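From first to last, the protein sequence lines are chains A and B.
Residues 55 to 458 (our numbering) are what the first sequence spells out, left to right.
Residues 55 to 458 (our numbering) are what the second sequence spells out, left to right.
These are computed hints drawn from the structure, not numbers from a lab.
Treat the hints with caution; some may be incorrect.
Which copy is meant is left open, because identical chains are indistinguishable; a pair holds if it fits in one copy or across any two.
As the list claims (entries may be wrong) - Keeping only pairs whose Cα atoms sit at most 20 angstroms apart, straight-line, the calculated EDC-like set for lysine to aspartate or glutamate is:
(1) 452 with 384
(2) 340 with 385
(3) 401 with 385
(4) 225 with 172
(5) 103 with 121
(6) 103 with 444
(7) 377 with 402
(8) 366 with 325
(9) 103 with 441
(10) 455 with 358
(11) 140 with 337
(12) 313 with 207
(13) 401 with 250
(14) 263 with 369
(15) 263 with 385
(16) 401 with 454
(17) 401 with 419
(18) 263 with 454
(19) 56 with 402
(20) 313 with 142
These numbers were taken from a predicted model, which means no experiment stands behind them.
Number of protein chains: 2
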Amino acid sequence: MKIFLLIADGLGDRPSKLLNDMTPLEAANKPNLNKMAYHGMVGLIDPIKPGIIPGSDTSHLNYLGYDPMKYYTGRGPFEALGTGLKLEPGDIAFRANFATVDGEFVVRDRRAGRIRKDTDKLANSLNMEIDGVKIMFKEGTEHRGALVLRGKDLSPEVSENDPHHEGLKVKEVIPLKKEAEMTARILNEFFIRSHEILNSHPVNENRVKLGEPPANAILFRGGGIVPDIPKFRDLHGFSGGFVAAVALVSGICTLAGLKNYTPPGVTGSLDTNIEAKLNAGLDALKNEDFVIVNVKGTDIAGHDGDPVAKMKFIERIDQAIGKVLLNRMDDVLFCFTGDHSTPATYKEHSSDPVPILIYYKGSREDRIENFGESQCRLGTLRLRGNDLMEVLKSHAGKAEKFGA
Amino acid sequence: MKIFLLIADGLGDRPSKLLNDMTPLEAANKPNLNKMAYHGMVGLIDPIKPGIIPGSDTSHLNYLGYDPMKYYTGRGPFEALGTGLKLEPGDIAFRANFATVDGEFVVRDRRAGRIRKDTDKLANSLNMEIDGVKIMFKEGTEHRGALVLRGKDLSPEVSENDPHHEGLKVKEVIPLKKEAEMTARILNEFFIRSHEILNSHPVNENRVKLGEPPANAILFRGGGIVPDIPKFRDLHGFSGGFVAAVALVSGICTLAGLKNYTPPGVTGSLDTNIEAKLNAGLDALKNEDFVIVNVKGTDIAGHDGDPVAKMKFIERIDQAIGKVLLNRMDDVLFCFTGDHSTPATYKEHSSDPVPILIYYKGSREDRIENFGESQCRLGTLRLRGNDLMEVLKSHAGKAEKFGA
């Protein structure tokens, strides 16, 4: 059996007055999920372990079988991977912003007027080499980007240059350990050189003409080393693919060696084309034994504090499942869960365990009527994130018996 | 309080159309188990952990308090123990078959016509010493047996001689590591010598006369070293006994130092005398603080894909409990569970968690009406296999407080 793992980012929630004291998942009209919950197994999953508030990166790592205590080296490497940069273990990566500084290096706009256009041209101008270290810059969404250093004797043990507030001077990068002295020096040198390049770049000259703040500085933070993680195929014995528009998630999947099946045009937003993502997932399963598909709208609505938008996004997921998946699952194990809870009443990730559903032909049947936080408490499954792959593999007939 | 642990091998299951979408345990008429479930605690147990498909050996080890990741060294040692051979830590043991080979050592019948008679005589003729290494052979059920090497500098890192298919030549044993060279040489020598002895053995001369294939070769596989495990009494502070007809289970119990109370005549089959086993368990508790009793029929019906036979076997267990146990439990904690699930709709071990019931006078009462997979989801207990002994000990008043 093949495995289709659908992650609704930030799915778990708490009851909301706006939804008659139900959670968005409980309140949603979702006949297809309910049908699978009735004829499948449900439960709750702690993405890391009880009481740990997961990030999307640490929980996705854990779900895929990689202990985040061992492999999570900071947000920089994973976001950088998500920009599409082909990174190598040992690279040092930072999250970065295009920003606007004045002649004294005081930050005037941390997001360079939320610049959107031509950031690729700016980014391309910043690839350089300093003292034998290769420096790569790649633009992300809006003002965001990733800064990567590749070379010998580099260390992630350096401070950030991002002062995190406007009106403050860009900070000098300081080595936090002796072995990071060279890395700090190169980063400071990069900041100066990049400032010079950006200041005289035609894109910025044009922005100044139009009265827009020039994107004339790179602020970086969240540095870490790209970890050397085993490939998914070596870990689990079969190949896999992913569909994800969010940089952080696609970065992790890429690092794990999963193949990217994300179709053009889908986004990590509330208005993404969910059907296109599910179809891409099914396409992936023509070549792969496993696919993970991430939809992000649930998390966004949670952060926005909008339980109704979250409920409606879940309803759109359900409709897409009904249209795309439900009648094409003869030889597919389907698992639906979230990577963490983002309660709309809380607007942040929380440690609340997340509803999970596993459905395949012939499974145990929990026969609950309404798939959601409350009824999932009564289900067969009570998992931690690092159980997930083992559970999916064993039910899909992809695991060996331990013993005789 | 004394502890009576009854294991219905392969108890857990999935719903079956033949049983109106119930599992065999749910569908069974089992007033006595239901009574204890109502007045006791129920739940689900993952014999190893979620997603791991247990073998009977690994799960029994885990249930008895022995981490199988540490102590499980392959099937050979545990099956060999189950034949009644008194093994010592460091012995190298294999599962073995009597087989029929021709003059070119090509396997003609892997089971020597499923020989049943006089295998003890054949086995006795094979005990020998080669280069100071003691070799023991002990017959098991039908064509099966166990081959054990005892001596210095032995290693389990050798290949098998069993080609696993008829029409193929017996394989030469190859050392898989340098330190296993002597072991491989002795095993090859044993094969030749045993072939000569068996070929001219009166039992085989008689078989040939009757037109039956001679049991003139020993095929061996699944080799491992007998692990040095602490004794049950040292681990838990009290003595224990076991009742089990299945070699694999009795082997583990023997290694743990549990005393064998298995009565003569009981089997590991669907037609075993369950009452005799339960009576033997009660007899054991006259001397011991703990007894584990294994009945195998549930697993056999599961492997046979026969949910009705499984249901009926459970009904026989229930009747035997009513007759033998129910009125003799004043000072006994009774626990009923399985060592894994063997869904009759799947015919193999699965990772589905297993229903469990703990009953003693004065326990918490879960008051479920029908002991089975569905209602056990709602119970007090949600365990992993390595929790079991601690849970039983604490409820039986055999555990110390951790702290003050």
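| said: For residue 452 and residue 384, with the copy left unspecified, which applies at a CA distance of at most 20 angstroms: within, between, both, or neither? | reply: Within one copy only: 16 angstroms inside a chain, 46 angstroms across chains, cut-off 20 angstroms.
| field | Copy assignment of residue 401 with residue 454, given that the CA separation must stay at most 20 angstroms | value | between (42 angstroms within a copy, 15 angstroms between copies)
| request: Have a look at residue 455 and residue 358 and pick one of within, between, both or neither, based on CA distance no larger than 20 angstroms. | output: Between copies only: 18 angstroms across chains, 45 angstroms inside a chain, cut-off 20 angstroms.
| task | Give the relationship of residue 103 and residue 441 under a CA distance limit of 20 angstroms: within one copy only, between copies only, both, or neither. | result | Both. Shortest intra-copy (11 angstroms) and inter-copy (8 angstroms) distances satisfy the 20 angstroms Cα cut-off.
| request: Go through the copies and call it for residue 225 and residue 172: within, between, both or neither, with a Cα cutoff of 20 angstroms. | output: Neither. Shortest intra-copy (26 angstroms) and inter-copy (69 angstroms) distances fail the 20 angstroms Cα cut-off.
| field | Alpha-carbon proximity between residue 140 and residue 337, which holds within one copy, between copies, both or neither at 20 angstroms | value | The answer is neither: 24 angstroms in one copy and 57 angstroms across copies each exceed 20 angstroms.
| task | Indicate which option fits the pair residue 56, residue 402 if close means a Cα-Cα distance not exceeding 20 angstroms: within, between, both or neither. | result | So residue 56 and residue 402 pass the 20 angstroms test across copies only (19 angstroms; inside, 33 angstroms).
| query | With identical chains treated as interchangeable, where does the CA-CA distance between residue 401 and residue 385 reach 20 angstroms or less: within a copy, between copies, both, or neither? | reply | Between. Shortest inter-copy distance 18 angstroms satisfies the 20 angstroms Cα cut-off; intra-copy 38 angstroms does not.
| said: Checking an output row: residue 263 and residue 385, CA cutoff 20 angstroms. Within, between, both or neither? | reply: Cα proximity of residue 263 and residue 385: none, with 59 angstroms in one copy and 53 angstroms across.
| task | Give the relationship of residue 401 and residue 250 under a CA distance limit of 20 angstroms: within one copy only, between copies only, both, or neither. | result | Close neither inside one copy (40 angstroms) nor across copies (71 angstroms); limit 20 angstroms.
| task | Can you give me the call for residue 313 and residue 142, within, between, both or neither, at a CA distance of at most 20 angstroms? | result | within (16 angstroms within a copy, 51 angstroms between copies)
| request: Evaluate residue 377 and residue 402 at a C-alpha cut-off of 20 angstroms and name the case that applies: within, between, both or neither. | output: For residue 377 and residue 402, neither the intra-copy (31 angstroms) nor the inter-copy (34 angstroms) Cα distance is at most 20 angstroms.
Checked against the numbered hints above, the structure breaks hints 4, 7, 11, 12, 13, 14, 15, 18 and satisfies the rest.
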